[in-house]
Structures are given as structure tokens and as C-alpha cells.
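Chemist: Sequence:
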Amino acid sequence: MGDVLEQFFILTGLLVCLACLAKCVRFSRCVLLNYWKVLPKSFLRSMGQWAVITGAGDGIGKAYSFESGLQGGV
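Counting the sequence shown from 1 gives a position; my numbering is that position plus 717.
Everything labelled a hint here was simulated from the structure, so no lab data went into it. One or more of the hints may lead you astray.
Stated by the list, open to error - Computed cross-link-like contacts, SDA-like style, restricted to lysine to any residue with a CA-CA straight-line distance of at most 20 Å:
1) Lys-740 with Leu-750
2) Lys-740 with Thr-729
3) Lys-779 with Gly-789
4) Lys-740 with Gly-730
5) Lys-740 with Leu-728
6) Lys-740 with Asn-751
7) Lys-740 with Tyr-752
8) Lys-779 with Val-769
9) Lys-758 with Ala-768
10) Lys-754 with Phe-744
11) Lys-754 with Val-742
12) Lys-779 with Trp-767
13) Lys-754 with Arg-743
Stated by the list, open to error - Beta-carbon label-pair distances, calculated as ranges:
14) Ala-768 with Cys-747: 29 to 39 Å
15) Phe-760 with Phe-783: 21 to 31 Å
16) Asn-751 with Thr-771: 22 to 32 Å
17) Ser-785 with Phe-760: 17 to 27 Å
18) Asn-751 with Ala-773: 29 to 39 Å
19) Arg-743 with Val-721: 28 to 38 Å
20) Val-721 with Val-742: 29 to 39 Å
21) Gly-772 with Ile-727: 53 to 63 Å
22) Ile-770 with Ala-736: 43 to 53 Å
23) Ile-777 with Leu-735: 49 to 59 Å
24) Leu-750 with Thr-771: 24 to 34 Å
25) Cys-741 with Gly-772: 34 to 44 Å
26) Gly-719 with Leu-750: 41 to 51 Å
A virtual CB, placed ideally from N, CA and C, is assigned to each residue, including glycine.
Generate coordinates for the entire structure from the input sequences, incorporating the hints supplied.
Modeler: This is the structure we're talking about:
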């Protein structure tokens, strides 16, 4: 009786581990395929000229962003 019960718990644990592994693989595929897609080069070209100004909240970055805006962007 003890051997049968032990085999049952081993099999149950194995099935639970396989189910968790399958969910992790499915989640990883979803994240990798949907959220980390590389944008095509034509997408960036279709936006025209643009620039990223970091620190535009105050100081030099703010002044640079205002000047860039006054001149019609980059």
C-alpha cells in the first residue's frame, strides 16, 4: 500500500511540475513574440527627422527642447 501511495504522489508531483513548466514556456513565448518585436527600419524613417531629448524637465535639456521646438523640431 505504501509503494502505491508513494508512486501516486510522485506522479502527481511530476504532472504539476510539467503543467507549471508548460505555463512558463507559454508565457515566455507570449512575451518574446509580442512585446520584444524589432521595429522595421521603414517605421523609423516614416516618422521623419526626430530626436530624443533627455532631461527636458529643467535646466539645459528644457532650454534645448524649447529652442528645438521654436526652430520646428530637429
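Chemist: Next, verify each hint and record whether it holds.
Modeler: Okay, the hints, checked on the actual structure:
{"no.": "1", "hint": "Lys-740 with Leu-750", "result": "15 Å, holds"}
{"no.": "2", "hint": "Lys-740 with Thr-729", "result": "17 Å, holds"}
{"no.": "3", "hint": "Lys-779 with Gly-789", "result": "15 Å, holds"}
{"no.": "4", "hint": "Lys-740 with Gly-730", "result": "15 Å, holds"}
{"no.": "5", "hint": "Lys-740 with Leu-728", "result": "18 Å, holds"}
{"no.": "6", "hint": "Lys-740 with Asn-751", "result": "16 Å, holds"}
{"no.": "7", "hint": "Lys-740 with Tyr-752", "result": "18 Å, holds"}
{"no.": "8", "hint": "Lys-779 with Val-769", "result": "12 Å, holds"}
{"no.": "9", "hint": "Lys-758 with Ala-768", "result": "16 Å, holds"}
{"no.": "10", "hint": "Lys-754 with Phe-744", "result": "15 Å, holds"}
{"no.": "11", "hint": "Lys-754 with Val-742", "result": "18 Å, holds"}
{"no.": "12", "hint": "Lys-779 with Trp-767", "result": "16 Å, holds"}
{"no.": "13", "hint": "Lys-754 with Arg-743", "result": "17 Å, holds"}
{"no.": "14", "hint": "Ala-768 with Cys-747: 29 to 39 Å", "result": "33 Å, holds"}
{"no.": "15", "hint": "Phe-760 with Phe-783: 21 to 31 Å", "result": "28 Å, holds"}
{"no.": "16", "hint": "Asn-751 with Thr-771: 22 to 32 Å", "result": "28 Å, holds"}
{"no.": "17", "hint": "Ser-785 with Phe-760: 17 to 27 Å", "result": "22 Å, holds"}
{"no.": "18", "hint": "Asn-751 with Ala-773: 29 to 39 Å", "result": "30 Å, holds"}
{"no.": "19", "hint": "Arg-743 with Val-721: 28 to 38 Å", "result": "33 Å, holds"}
{"no.": "20", "hint": "Val-721 with Val-742: 29 to 39 Å", "result": "32 Å, holds"}
{"no.": "21", "hint": "Gly-772 with Ile-727: 53 to 63 Å", "result": "58 Å, holds"}
{"no.": "22", "hint": "Ile-770 with Ala-736: 43 to 53 Å", "result": "48 Å, holds"}
{"no.": "23", "hint": "Ile-777 with Leu-735: 49 to 59 Å", "result": "56 Å, holds"}
{"no.": "24", "hint": "Leu-750 with Thr-771: 24 to 34 Å", "result": "30 Å, holds"}
{"no.": "25", "hint": "Cys-741 with Gly-772: 34 to 44 Å", "result": "39 Å, holds"}
{"no.": "26", "hint": "Gly-719 with Leu-750: 41 to 51 Å", "result": "47 Å, holds"}
Violated hints: none; the structure is consistent with every hint.
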